[in-house]
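Participant: Residues per chain are reported as follows:
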Amino acid sequence: MVDEETLDGNAIGGLLMEVFGTEMTTAVATCGSCGAARQVAELPVYMPGLGTVARCRSCQSVLMVFTQVHRVTCVDLMGLASLG
Amino acid sequence: MAGTAVRGRLSWQTATVGPVTDETPRVRTLRLEVPDWPGHQAGQHVDIRLTADDGYQAERAYSIASAPGEPLAITVERLDDGEVSPYLTEEARTGDQLEVRGPIGGYFVWEPGSGSGGPLLLAAGGSGVVPLRAIVRERSRAGSSVPVRLLYSSRSWEDVIYSSEFGLPPGGVEVVYTLTRSQPRMWQGYARRVDDAMLAEVAWPASERPLAYVCGPTSFVESVAAGLVKLGYPAGRVKTERFGATGS
Amino acid sequence: MHVSRGFHGRRRPEVDPARVPPGQYVTSDFPVLSAGPTPHTPLSKWTFSIDGGREPVSWTWDEFRALPTETLTTDIHCVTRWSKLDTMWEGVSLDVLLGMVDYDARYVLAFSDGGYTTNLPVADLLGGKAWVAFGYGGSPLGAEHGGPARLLVPHLYFWKSAKWVRGLRLRDTDEPGFWENYGYNMYGDPWREQRYAGD
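Chains as they are written, first to last, in our numbering: chain A, 1 to 84; chain B, 1001 to 1248; chain C, 2001 to 2199.
Treat the hints with care, since some could be wrong.
[Claimed, not checked] For each label pair, taking beta carbons as the anchor points, the in silico distance ranges come out as:
(1) C/PRO2022 / B/GLY1113: 53 to 61 Å
(2) B/ARG1193 / C/PRO2022: 40 to 48 Å
(3) C/ARG2106 / A/CYS34: 35 to 43 Å
(4) B/LYS1230 / C/HIS2155: 27 to 35 Å
Treat the hints as calculated values from the structure; they're not laboratory data.
Positions of the beta carbon are idealized from the N, C-alpha and C atoms, including for glycine.
Okay, chain A solo, but in the shape it has when bound:
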């Protein structure tokens, strides 16, 4: 059951472009926990204001976290087995 407020990877296309320097929403994200592979555009994305969290649609593990601390963007991709 998906919450009303949940977005998807389309919503962070701009952020991803800024961080990676290229369009990333068609890149395939493979979950490091369950192995599910999906395009970034289809990942559930949460933006609670403190940061942006992209999760695995199958197991809800955290795949990517972006925060902005004093104008520096921090990126954590540890939940991914691969991205590309």
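Following the hints, complete the assembly by docking chains B and C onto the known chain A.
Facilitator: Positioned in the frame of chain A, the structure of chains B and C alone reads:
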């Protein structure tokens, strides 16, 4: 902490608001003039950033309403508890400036040849119709004859965006409305939220290898995408763009 | 940065500035901000536990609701800059819960359904400063706001008030929780504007 700190790249540009058009009581289209706009694809969006004089900033994504080659325009629906949409739909005037980043998106895009010949099913929930309208316009501009069915769910007839444009659809484009909250007298069309039965009647059969684009509030997208998969559409042929909760 | 004529953000009610920490604005909304999907643990399976003391201690929902409760009205401050004044809550004080545990640890990691964590000093949970809250505005706390129960620590930024809290892990050292790992302040005092690490 394992991760990487990167300096944000300067990719925001200043846009000047051009002519604005009120589409419905809550929805407005704004032309945006961006020097050196690189062009865009149908289905893409832009990020808009506003800055108050105390430095407070708010940023939102809005789908591009115009086709490639047409002047850049966004169509914005005013959300009652919104922060940016009330400004864009009620306050922003021709000549005002705001910041734009884009165009953005490579997944929810259509160009002639996408879908390899199958018909297009476009499913719009409320303001989710915006990128789908860009797709329909691009299809005309490009002279494509791919068959299109647009299933457009709206609260009422007054809330239908681009109604005159869809009232005279181009050849090969069929628009099916469902009005979920109130209908005009003598309304013969659908009058309920999109459900599996409606999809079975409206969507192209899976055997025709259709390509689907579903856009709107998250609950709409989840329900329609699941319904299309149940009809036999491969998940990879159902493209989704979720707008979150829009209060509709 | 380019100022947009006429843009103010949300309308701000007039309030006593002494109640508003630096950099905050007051709202009458209660935004739903989550890092993950809303969990729906049935009450029959819900427990609150405190481990890391001499023995782990745990309460079922019925046991938890049999504990003495308090109602309170307080202001809450989110690091995303909104503050909400005079919010009404009902909950069990951490003085009661920790009072039933034999421990000497100085820090906790609060943990929630869905994997969220946040760290706090034990001292900030004691002395009438923290609750496990199950009621908001006179009604049971809604799932979207952290129900059936959330941590409530209003003197710190609201990310420390973990939604869907299921327990505390007592520790000798202060270890960063979810947001603290990504650059947010380990303590989070809104009155000293401790938003990020190093503030």
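Participant: Compare the structure with each hint and give your call.
Facilitator: Outcome of the hint check:
Remark: the range hint 53 to 61 Å for C/PRO2022 to B/GLY1113 is upheld by a beta-carbon distance near 55 Å. Distance hint check: the CB atoms of B/ARG1193 and C/PRO2022 are about 46 Å apart, consistent with the given range 40 to 48 Å. Range check, C/ARG2106 to A/CYS34: about 37 Å between beta-carbon atoms, so the 35 to 43 Å window is met. Against the hinted window of 27 to 35 Å, the Cβ-Cβ separation of B/LYS1230 and C/HIS2155 comes to about 51 Å, which falls outside the hint.
Hint compliance for this structure: hint 4 is the single one not met.
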